[in-house]
Structure formats: C-alpha cells, structure tokens
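Engineer: Listed here are the chains, written in short residue letters.
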Amino acid sequence: MAELNIRERQAGDVTVLDMDGRITIGEGSVALRSAVRRLLEEGKKNILLNLAGVGYIDSSGIGELVSSYTAINKEGGQLKLLSLTEKLRDLLTITKLLTVFDAYETEADALSNFK
Amino acid sequence: MTEQTTRLVLPSHIEAVADAAAAVTDFVHSCGVGEQAAFGVHMAVREAVTNAIVHGNQEDEAKAVEVTFNCLEHALEIEVKDQGKGFDPTDVPDPTDPGNVLKTSGRGIFLMRSFMDEVQWLMRPEGGTTVRMVKQF
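In order, the protein sequence lines correspond to chains A and B.
Numbered by my numbering, the letters in the first sequence go through residues 1 to 115 in order.
Numbered by my numbering, the letters in the second sequence go through residues 1 to 137 in order.
In case anyone wonders, no lab produced these hints; they're calculated from the structure.
For every residue, glycine included, the Cβ atom is placed at its ideal position computed from N, Cα and C.
You may find that some hints are simply not true.
As the list claims (entries may be wrong) - Computed footprint of chain A on chain B; a stretch qualifies when at least three of its residues, placed anywhere within it, have a C-beta under 8 Å from a C-beta of chain A:
{"no.": "1", "stretch": "93–101"}
{"no.": "2", "stretch": "108–119"}
Said to hold, decoys possible - Quick list of the computed label-pair ranges, beta carbon to beta carbon:
{"no.": "3", "chain 1": "B", "residue 1": "A22", "chain 2": "A", "residue 2": "Q10", "range": "52 to 60 Å"}
{"no.": "4", "chain 1": "B", "residue 1": "T68", "chain 2": "A", "residue 2": "G76", "range": "28 to 36 Å"}
{"no.": "5", "chain 1": "B", "residue 1": "Q120", "chain 2": "A", "residue 2": "A11", "range": "46 to 54 Å"}
Claimed, not checked - Quick list of in silico lysine-lysine cross-link-like pairs, DSBU-like style, CA-CA up to 35 Å:
{"no.": "6", "chain 1": "B", "residue 1": "K103", "chain 2": "B", "residue 2": "K85"}
{"no.": "7", "chain 1": "A", "residue 1": "K44", "chain 2": "B", "residue 2": "K63"}
{"no.": "8", "chain 1": "A", "residue 1": "K96", "chain 2": "A", "residue 2": "K74"}
{"no.": "9", "chain 1": "A", "residue 1": "K74", "chain 2": "B", "residue 2": "K103"}
{"no.": "10", "chain 1": "B", "residue 1": "K103", "chain 2": "A", "residue 2": "K87"}
{"no.": "11", "chain 1": "A", "residue 1": "K96", "chain 2": "A", "residue 2": "K45"}
{"no.": "12", "chain 1": "A", "residue 1": "K74", "chain 2": "A", "residue 2": "K115"}
{"no.": "13", "chain 1": "A", "residue 1": "K74", "chain 2": "A", "residue 2": "K87"}
{"no.": "14", "chain 1": "A", "residue 1": "K74", "chain 2": "A", "residue 2": "K45"}
{"no.": "15", "chain 1": "A", "residue 1": "K87", "chain 2": "B", "residue 2": "K63"}
{"no.": "16", "chain 1": "B", "residue 1": "K103", "chain 2": "A", "residue 2": "K45"}
{"no.": "17", "chain 1": "B", "residue 1": "K85", "chain 2": "A", "residue 2": "K96"}
{"no.": "18", "chain 1": "A", "residue 1": "K45", "chain 2": "B", "residue 2": "K63"}
{"no.": "19", "chain 1": "B", "residue 1": "K103", "chain 2": "A", "residue 2": "K115"}
In isolation and in its complexed conformation, chain A is listed as follows (with noise of 0.2 Å):
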C-alpha cells in the first residue's frame, strides 16, 4: 500500500485533492510535490488540501506543505489546508506555519474563501 494515497476531485474552479496516510520523507513527499506539480502544469491553480486522513507528517513532509504553498503563490494561485488533525495542527502551530497556511475546518468554508 502506498505510503500516500491521493484523490483528486474539482469544486467550482478549486482542485480539492484527499489525502490518506502520511506525508514522510521519501514516497509520501514525493506524492504530494508530483500531484501539486502537476496541478499547476495543467493550471490549476486554486488547491484545498484535505488532511483529514493524513495521520502523520514529519520534517520533510512540513517543508514538503511549504514548497507546493509558495509555488502555487509564485503561479498567481492560492493553497489552502482543510481538516487538520489536532497533531498537524499542533505541529503547524509550533513551527508558526498556521500563520501562514489558510486552514478550514469544514469544505463549504474554505472553498468560500478562495478568491
């Protein structure tokens, strides 16, 4: 089984992209940079994260979150993150990225807030 599993599904002109497992260094990284890579080679540029199944992230998965924010910025687009589990949330909050990242708590909030 892979180490993440992503599924894409579009909402309006948002591309939301469910995610389950963990986002570690290696395979689940990977998987996240490549999906939102290619999001935006196709130019989709409006990205909800849904981490509502995502039960761990490490360091590299973190920066990982950090690369795919300032890349979609850098194409004009926004990344938003939805349904935190209390440790991402808790880990966000420590290293100060929850002032950075949008983070929702329900889907029909955070598509709202795309502009």
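With chain A fixed as given, assemble chain B onto it according to the hints.
Structural biologist: Showing chain B alone in chain A's frame:
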C-alpha cells in the same frame, strides 16, 4: 517496569527511517509510554534517524546508523549514532524566525527539541555523532 534495551543497526538509505519508526512504535508500547508522549518520541526518532542517514552518513550505504532505546523507570532514553564527519547544532538557524518560516527544510532539530525533554549532540573521538534524547513519562 523492568529496564529494557533494544538496539537497531540500520543501513543508510531513506527507507530505513520507516524501520526505525516501526521499532519506536513497538518499544514505546512495551515501555508503557502514553499516547501523547509516544507521538513526540516517534517524531523525534524519525527526525534524528533521517538526519543521521542524510546529513551524517550522506546516504553512504557503507555506513550504518545505530539506534538504541533504553526504557528506564520513568524515562525513555534514545541514542542515534552515525558515522559522519560531525555536526554543530548551533549552526542550525531557528526555523520559527520570521525570515525562516517559509524555508522548506531545517525543522528536524527544532522538532526533536520540541518533543523531547533533553537532546544532546556528542562528537565521538573515533568519529561520528551521537544524538542522545530523553523523554520523561
């Protein structure tokens, strides 16, 4: 709780991080560590082993990473040894400084320090670095 020790010798490739993580899961359970502390220990060991493989041994498969878990009465003591050229943790900038928050790397040591009660780096006279970490529970 009877004191117990587990020792792992891992090859220097990234896939070995998952082996270390699996061993941590087993060990913290048998040591009686609570879920909250176990998460932190798991995170810290992953980061320490990743650093040992990537930065210490530079993924040289001729070099090994040794991980030792000691379960003490109210603490878990972990050592991660590499065979690299040495490392000065004071050279690593604070990833939470405003100028560093958007960097894509450099958070591993910060997370180790955040989740463990003690983290020390020791340069061994014969070469290599030992990271010693302690978590009270």
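Engineer: Regarding the pair B:K103 and A:K45, is the alpha-carbon distance no greater than 35 Å?
Structural biologist: Holds - the C-alpha atoms of A:K45 and B:K103 are around 21 Å apart, at most 35 Å.
Engineer: Taking 35 Å as the top limit, are the C-alpha atoms of A:K74 and A:K87 close enough?
Structural biologist: holds, 29 Å
Engineer: For the stretch 108–119 of chain B, do at least 3 residues have a Cβ located nearer than 8 Å to some Cβ of chain A?
Structural biologist: Answer holds; 4 residues pass the 8 Å Cβ test.
Engineer: Decide if the proposed pair is consistent with the structure: B:K103 and B:K85, CA atoms, cutoff 35 Å inclusive.
Structural biologist: Holds, at roughly 25 Å.
Engineer: Within 35 Å, alpha carbon to alpha carbon, are A:K45 and B:K63?
Structural biologist: violated, 43 Å
Engineer: Please work out if A:K44 and B:K63 have their alpha carbons no farther apart than 35 Å.
Structural biologist: This hinted pair is violated, its Cα atoms lying about 43 Å apart.
Engineer: Compare the distance between the alpha carbons of B:K103 and A:K115 with 35 Å, and conclude whether the hinted pair is satisfied.
Structural biologist: Given that 35 Å is the threshold and the Cα spacing comes to 26 Å, the pair holds.
Engineer: Check the hint pairing A:K74 with A:K115 against an upper bound of 35 Å on the C-alpha distance.
Structural biologist: holds, 16 Å
Engineer: For the pair we were handed, B:K103 and A:K87, check the Cα-Cα distance against 35 Å.
Structural biologist: holds, 21 Å
Engineer: For the pair supplied as a hint, B:K85 and A:K96, is the alpha-carbon distance within the 35 Å limit?
Structural biologist: holds, 32 Å
Engineer: So the hint says 28 to 36 Å: do the beta-carbon atoms of B:T68 and A:G76 match that?
Structural biologist: 50 Å Cβ-Cβ, so the 28 to 36 Å window is violated.
Engineer: Would you say the C-beta atoms of B:A22 and A:Q10 sit inside 52 to 60 Å of each other?
Structural biologist: Given about 37 Å between the Cβ atoms, the range is violated.
Going down the numbered hints, you'll see the structure goes against 3, 4, 7, 18, while the others check out.
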